[in-house]
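Protein chains in written order, with this note's numbering: chain A, 32 to 307; chain B, 1343 to 1489.
Be a bit skeptical, because a hint or two may be false.
Taking lysine-lysine pairs in the BS3-like style, the calculated list, with each CA pair at most 30 angstroms apart, reads [stated by the list, open to error]: (1) A:K237 <-> A:K227; (2) B:K1489 <-> A:K277; (3) A:K149 <-> B:K1461; (4) B:K1384 <-> B:K1397; (5) A:K277 <-> B:K1452; (6) B:K1391 <-> A:K306.
Label pairs and their in silico Cβ distance ranges [stated by the list, open to error]: (7) B:N1433 <-> A:E207: 37 to 45 angstroms; (8) B:N1433 <-> A:N208: 40 to 48 angstroms; (9) A:R156 <-> B:T1484: 36 to 44 angstroms; (10) B:E1466 <-> A:N122: 36 to 44 angstroms; (11) A:N260 <-> B:V1427: 29 to 37 angstroms; (12) A:D91 <-> B:G1404: 29 to 37 angstroms; (13) B:L1448 <-> A:Y167: 35 to 43 angstroms; (14) A:A259 <-> B:E1421: 46 to 54 angstroms; (15) A:K185 <-> B:D1464: 40 to 48 angstroms; (16) B:E1364 <-> A:F95: 35 to 43 angstroms.
Some chain A residues well away from chain B (every beta-carbon gap over 12 angstroms; in silico) [what the hints assert, rightly or not]: (17) G42; (18) L49; (19) L53; (20) Q213; (21) Y286; (22) E288; (23) L295.
The set of hints was computed from the structure by calculation and includes no laboratory data. Ideal placement from N, C-alpha and C gives every residue a C-beta, glycine not left out.
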Amino acid sequence: MIKWLKRILGGIFTILVLAIALFVIVKPQPYYILKLLVGSQSQWFGYDGEGNEMIEEALDNSPFVSASQYHSISVQNTKNGNYDKAIEYLNKASEMEPENADDYYGWVLLYYYRDYNKALTYLNRYDSYTPDYVDYVSDDNILYAKGLCYKGLKNYSKALELFDLAIESELTDHDENWISHQLYYQKARTLQLLNKPEEAIIFYDKTIDSWERSSESFYYKGLAQLAANDTTNGLESIQTALDLIKKGHKTSDSYVELFDEVYLQQIERSLSELKQ
Amino acid sequence: MKTIIYILFTFALLSCNRKSGELDLCGIGVLQPYYFTGVTYKGGTYAIKEQFRTKFTPVLNGENSGIIKIRFDVNCLGETGNFEVNQFSLNYQAITLNDSVSSQLLSIAKQLDGWIPGKNEDNEPVNSFKFLAIKLVDGQITEVLPK
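Can you make the complete structure from the sequences, with help from the hints?
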């Protein structure tokens, strides 16, 4: 009985060793699929060099790599700041399937890279695929995203034109509830940058109507009121912004700094300077 | 099954942990991404930018346009270490910028001492890895990314 048990266990052990040897030496396709997964997971844990080496070996030995696979690999590299790799893979995805890649490409260049000119190239190209339809990139109306690019390039008039078109398209296709806090906020900021504080205040009020705890809107509304010589209300608005941000009310993102994001120190410094 | 694979994978990574000794990482030394743990800086990106703005002296000669990425670990006590620098052109190719640019920026990054450790699901402080990417045009800082 024991003799047969030993033979069975020995057989299982031998098969297992042969299977592992076959997997490691011959390296069939599942070996590379596993390597790709382990490489991606390594990057998640911060082992960028090791992770990318495994991923590259897996890709080199794969008969076909899809655009979406290149896209996925690029995403993790962007999150980890491996910009050379991220763009290399995103270029491949865009070359293979521009209609499915250019929206993300433009959006990521705008938010994560602050590369406004290159972002516009991809956003415009993506927009051209469906000229009669206003697309969305991530959660953003594409006209708004393009407006952010022009704002980043300090072409405020063009930015304002695109924010207005984005608002118009939302009102045509949906209603005012679809207009995001950020869209009105950025329109207000742009008006302020164009030295139109009274008009900016109108749009800060719209953002406050949609979210009464918008510390960023109160802060910049306060600065606009001061620019319009309404000192009392200006200081009051900035004080409201300070109270709100101390309670943690502000818009932010886990990955990137938002456009015109405000901070406690920034508001405190402004108030301190204004009271001097 | 997923948990077993996760544990095995974690142990496999720890067995080849290249960073041991450079910074005392808490627990068994597992690092998690900044966006997962929520590691932040006292005063936020505004305070970080202030540090770079006030301490960096523009470099007007040599290769002075590009992106300097500084990657580092923040342990559960908010201490930093294991700094690594990568340099890219504005077209995202690996390059080497003027030494003065990278050494200044690395020095400023190492002086940042207001890190608030990231937390796990149980609200306990944990180790995180983090990076800052500083974009320069003609030797002047134009952006500090990602946040």
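Here is what the structure says about each hint:
{"no.": "1", "hint": "A:K237 <-> A:K227", "in the structure": "holds (16 angstroms)"}
{"no.": "2", "hint": "B:K1489 <-> A:K277", "in the structure": "holds (19 angstroms)"}
{"no.": "3", "hint": "A:K149 <-> B:K1461", "in the structure": "violated (36 angstroms)"}
{"no.": "4", "hint": "B:K1384 <-> B:K1397", "in the structure": "holds (18 angstroms)"}
{"no.": "5", "hint": "A:K277 <-> B:K1452", "in the structure": "holds (28 angstroms)"}
{"no.": "6", "hint": "B:K1391 <-> A:K306", "in the structure": "holds (24 angstroms)"}
{"no.": "7", "hint": "B:N1433 <-> A:E207: 37 to 45 angstroms", "in the structure": "holds (41 angstroms)"}
{"no.": "8", "hint": "B:N1433 <-> A:N208: 40 to 48 angstroms", "in the structure": "holds (41 angstroms)"}
{"no.": "9", "hint": "A:R156 <-> B:T1484: 36 to 44 angstroms", "in the structure": "violated (25 angstroms)"}
{"no.": "10", "hint": "B:E1466 <-> A:N122: 36 to 44 angstroms", "in the structure": "holds (41 angstroms)"}
{"no.": "11", "hint": "A:N260 <-> B:V1427: 29 to 37 angstroms", "in the structure": "violated (49 angstroms)"}
{"no.": "12", "hint": "A:D91 <-> B:G1404: 29 to 37 angstroms", "in the structure": "holds (36 angstroms)"}
{"no.": "13", "hint": "B:L1448 <-> A:Y167: 35 to 43 angstroms", "in the structure": "holds (40 angstroms)"}
{"no.": "14", "hint": "A:A259 <-> B:E1421: 46 to 54 angstroms", "in the structure": "holds (47 angstroms)"}
{"no.": "15", "hint": "A:K185 <-> B:D1464: 40 to 48 angstroms", "in the structure": "holds (46 angstroms)"}
{"no.": "16", "hint": "B:E1364 <-> A:F95: 35 to 43 angstroms", "in the structure": "holds (41 angstroms)"}
{"no.": "17", "hint": "G42", "in the structure": "holds (25 angstroms)"}
{"no.": "18", "hint": "L49", "in the structure": "holds (22 angstroms)"}
{"no.": "19", "hint": "L53", "in the structure": "holds (21 angstroms)"}
{"no.": "20", "hint": "Q213", "in the structure": "holds (16 angstroms)"}
{"no.": "21", "hint": "Y286", "in the structure": "violated (5 angstroms)"}
{"no.": "22", "hint": "E288", "in the structure": "violated (4 angstroms)"}
{"no.": "23", "hint": "L295", "in the structure": "violated (7 angstroms)"}
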